[in-house]
Amino acid sequence: MAALVLSGCCSNSNFKMGTYGYDLKYLADKGIGTVELKSDDGLSKVMVVPAWQGRVMTSTTKGDKGASYGWINYKFIDAGEVSTFFNPFGGEERFWIGPEGGANSWYFKKGAEQVYENWVVPAGIDTEAYDIESQNEKEVVFTKDLHWTNASDYEFDIKVRRTVALVDNAALAELLGIEIPEGVNALAYKTVNTLTNGGAEAWTKETGLPSVWLLGSFNPTPTTTVFIPYNKDFEGKLINDEYFGKVPADRLILEDGMVYFKIDGEYRSKIGLPDGSAKDICGSYDSEKKVLNILKYTVPEGDKDYVNGQWGHQDNAFGGDVINSYNDGPTETGFVQGPFYEIETSSPGAALAPGESLTHTQYTIHFEGSEEMLAAIADKVFGVSLEEVAGKFKAE
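At position 69 of the sequence shown (counting the first as 1) the number is 68 in numbering that gives the first Met the number 0, and the numbers step up by one without a gap.
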């Protein structure tokens, strides 16, 4: 079992729900160990749970009284039950392994119809703790050895190494090629996620390929929009917008190299951009709370095989997406798990000889400040007007 570090905090009565301090105390009261990464001034904080695979639960730019950016599933955690198929604790960046569906899936047994009743998240990315290799105030490193069998009955020995590290403002400014305006609260952390072939046989397209799959869950609002740049000269299908039925035009706009996706937690829908269409960055903006979020991630050069996560029969097992976004909402039965929204990124499939490794790195970045200051950042990083982003889905 991983070593658990219980972070002390004041009484919940000192913090409003929705603040980082509230969430820190909430998890401590539930006996859930956390590791905190902190900036020197104590304002930028990242909360990590070793027992949940080194998951980043939430973060803040303003200390314990600041906004908590990650979505936490209080009602599930409060129930105190352990599910045998999936434990949706939430968290603003969790580590999974793809593909989810198809002949090479980790989430369905061989021969099982790929429907919800048969879907099971492997314990190694759901309920099993990861070991802490090292930690300090700015970084924590986790490891885990997995022995898995995919839906085609091929066995894999997968060594996982996951680093969560705080990124200071100087390094953040250099990463994005910007100056952070005075008066903007900023937070960035990176995760470095490595899969190593720990077995005696090569991983090939014939056996199936594991991939790093990172899923970030955040709190939706009626004033939040996800925006994802795409390559305008891409000759294939720019976007997959039919995961749960085609996304209506009043919720999805493709315009001048940018995808705009409405995020309100009221309509279950998902989109994805394939290799060649996707770039290495995306954003979301809440115009009411004045929070700009940016995800930047590795997209390797050259030929790549991204695994296909669609359930059931696949015509192309390696025609998957580089980046996805999901807006939660009622299912056919009316059940709502969150609501929350997600931004997901993936590595290519890991075609590795024994001992070889593949690494996928992602930066999660939060800026909080005035609209004018955030607009300057968005213009520099994306070449987009935040006023235009905020107005895409406003009612006439």
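Everything labelled a hint here was simulated from the structure, so no lab data went into it. Honestly, I wouldn't trust all of these hints.
Stated by the list, open to error - List of simulated lysine to aspartate or glutamate pairs, EDC-like, C-alpha gap at most 20 angstroms:
1. Lys-278 to Glu-300
2. Lys-108 to Asp-125
3. Lys-393 to Asp-249
4. Lys-204 to Glu-127
5. Lys-289 to Glu-154
6. Lys-37 to Glu-132
7. Lys-15 to Asp-63
8. Lys-379 to Glu-181
Stated by the list, open to error - Using C-beta positions, here's what the derived DEER-type ranges look like:
9. Thr-83 to Thr-330: 18 to 24 angstroms
10. Val-114 to Glu-136: 42 to 48 angstroms
11. Gly-17 to Gly-235: 29 to 35 angstroms
12. Asp-279 to Glu-331: 44 to 50 angstroms
13. Glu-287 to Ser-151: 46 to 52 angstroms
14. Glu-80 to Glu-154: 40 to 46 angstroms
15. Glu-331 to Ala-111: 17 to 23 angstroms
Quick reminder that beta carbons are idealized off the backbone N, C-alpha and C, glycines included.
Now for the hints, and whether the structure bears them out:
The hinted pair formed by Lys-278 and Glu-300 meets the criterion: a straight-line CA distance of about 11 angstroms does not exceed 20 angstroms. Under the criterion of a C-alpha separation no larger than 20 angstroms, the hint pairing Lys-108 with Asp-125 is consistent with the structure, at around 17 angstroms. Note on Lys-393 and Asp-249: the hinted pairing holds, with a Cα-Cα distance of about 10 angstroms set against a maximum of 20 angstroms. Between Lys-204 and Glu-127 the CA atoms are separated by roughly 28 angstroms; this puts the pair beyond 20 angstroms, and the hint is violated.
A C-alpha spacing of about 47 angstroms is found between Lys-289 and Glu-154, which places the hinted pair above 20 angstroms, so the restraint is violated. Distance check on the hinted pair: Lys-37 and Glu-132 sit about 19 angstroms apart at the alpha-carbon level, within 20 angstroms; holds. With a C-alpha separation of about 10 angstroms, the suggested pair Lys-15 and Asp-63 falls inside the 20 angstroms cut-off, and the hint holds. For a cut-off of 20 angstroms, the pair hint linking Lys-379 to Glu-181 stands: about 16 angstroms separates their Cα positions.
For Thr-83 and Thr-330, the Cβ-Cβ distance of about 20 angstroms falls inside the hinted range of 18 to 24 angstroms, so the restraint holds. The hinted window of 42 to 48 angstroms between Val-114 and Glu-136 holds, with their beta carbons roughly 46 angstroms apart. Range check, Gly-17 to Gly-235: about 41 angstroms between beta-carbon atoms, so the 29 to 35 angstroms window is missed. For the pair Asp-279 and Glu-331, the supplied restraint of 44 to 50 angstroms is violated, since their beta-carbon distance comes to about 35 angstroms.
About 47 angstroms separates the C-beta atoms of Glu-287 and Ser-151, a value consistent with the hinted range of 46 to 52 angstroms. Between Glu-80 and Glu-154 the beta carbons are some 31 angstroms apart, a value that contradicts the proposed interval 40 to 46 angstroms. For Glu-331 paired with Ala-111, a C-beta distance near 21 angstroms keeps the hint of 17 to 23 angstroms intact.
Checked against the numbered hints listed earlier, the structure breaks hints 4, 5, 11, 12 and 14; every other hint is satisfied.
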